[in-house]
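Peer 1: Read off the chains here:
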Amino acid sequence: MTHRFKTRLEQAHARGDYTALLDGIPYAQLIGIECTRLGDELLFRLPANKDNIGNPILPALHGGVIAGFMELAAALHLLVFTGAPGLPKIIDFSLDYLRAGQFRDTYATCQVWRQGRRVANVAITAWQSTAAEPIATARAHFKIEEASRP
Amino acid sequence: MTENPLLERARRFVSALRHCHVLGITVHEANRDGMTLVLPYSPAIVGDPQSGVIHGGALTSLMDTACGMATLCALEEFEVCPTLDLRIDYMHPAAPHKPVYGFAQCYRVTTDVIFTRGFAYQDDPQQPIAHVVGTFMRMGKRLKGTQGLGDTIKGAQA
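Line by line, the protein sequences give chains A and B. Counting in UniProt numbering, the first sequence runs from 1 upward without gaps. Counting in UniProt numbering, the second sequence runs from 1 upward without gaps.
Read the hints as simulated data drawn from the structure, not as lab findings. What you are looking at is a predicted structure, and each value in this text was computed from that prediction instead of being measured. It cannot be assumed that every hint is accurate.
What the hints assert, rightly or not - Just a few of them, taken from the derived set where beta-carbon distance is under 10 Å, the chain A residues facing chain B:
#, residue
1, ASP40
2, GLU41
3, LEU42
4, GLY86
5, LEU87
6, ILE90
7, TYR97
8, ALA100
9, ILE144
Even for Gly, the Cβ is constructed at its ideal location relative to N, Cα and C.
The whole structure should be built from the sequences, with the hints applied where relevant.
Peer 2: This is the structure in structure tokens:
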């Protein structure tokens, strides 16, 4: 990880504002992901954007965008909460679509169920109207960059 | 010029999907065996600015679309088939500055559900960068509002 990225991360932590961090990731800009800290938790938001539509009939968000949003949320969550030295690398990603993603804002929260020395297991929930009615749930494994050992 | 109605249907289908247009996804090949789409490299889909590697999310969009469109290869008539679930195993990162191909096929079609699988690759299909399995729900041909999209894909005049 570059020094610049680490500085950005530290500043983001201190201010509870992760905009500068997201600015450095082109895909995050493309779909328009936002991140806010609520107390000790992170809430991710994907504002409604016509460019994220898949099914033109409904219209509904593209399933791939919902997946990309959740995958990115999980990686950022790990980065922020586990003190990983770099953006974690994804190993696998499994996602259940529960409801159509309407053309409106989408939210996501993450839960790290297990963080080992090399691999972390993260669960992600995405919703639009209320957290009790998720539009999708997902689970991902990430490879954690090991901190340099003596 | 070879006549391939499936390829034409697939091209009309993908052109109706806005996010696919944003990513630049197009149909590479479509036949009874399966569907191959292509995602061009673009700086806008990079997930790691240091290495220039594209984000998994763009790859997931490619593979979700490929699996969903593989249903066109297996069904006689167009049906709306929303994704029930999707799993992606990442073998290794995609090499920057090269397009990614996404192949998908249906390996079981039941009354209600279609099972699909596929893989993403760059130069060599024998060295996939990701494997994927996806399950899709069959909503039927008469679902409210599907007629419009069905006609677009068939190429019917409005």
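Peer 1: Against this structure, judge whether each hint is valid.
Peer 2: How the hints compare with the structure:
Nearest Cβ of chain B to the Cβ of A/ASP40: about 26 Å, over the 10 Å cut. The hint is violated. Taking 10 Å as the C-beta contact cut-off toward chain B, the hint placing A/GLU41 at the interface is violated, the least distance being around 22 Å. Checking A/LEU42 against chain B by beta carbon gives a least distance of about 18 Å; that is not within 10 Å, so the hint is violated. With its C-beta approaching chain B no nearer than about 9 Å, A/GLY86 sits inside the 10 Å limit, and its interface hint holds.
Because the closest C-beta pair between A/LEU87 and chain B is about 6 Å apart, less than 10 Å, the hint holds. Annotation: A/ILE90 was flagged as interfacial toward chain B, and the flag holds, the nearest CB pair being 5 Å apart, inside 10 Å. Because the closest C-beta pair between A/TYR97 and chain B is about 5 Å apart, less than 10 Å, the hint holds. Evaluation of the A/ALA100 hint against chain B yields a held restraint, the C-beta minimum of about 7 Å falling below 10 Å.
With a cut of 10 Å, the hint placing A/ILE144 at the interface with chain B is violated, because the nearest CB-to-CB distance is about 15 Å.
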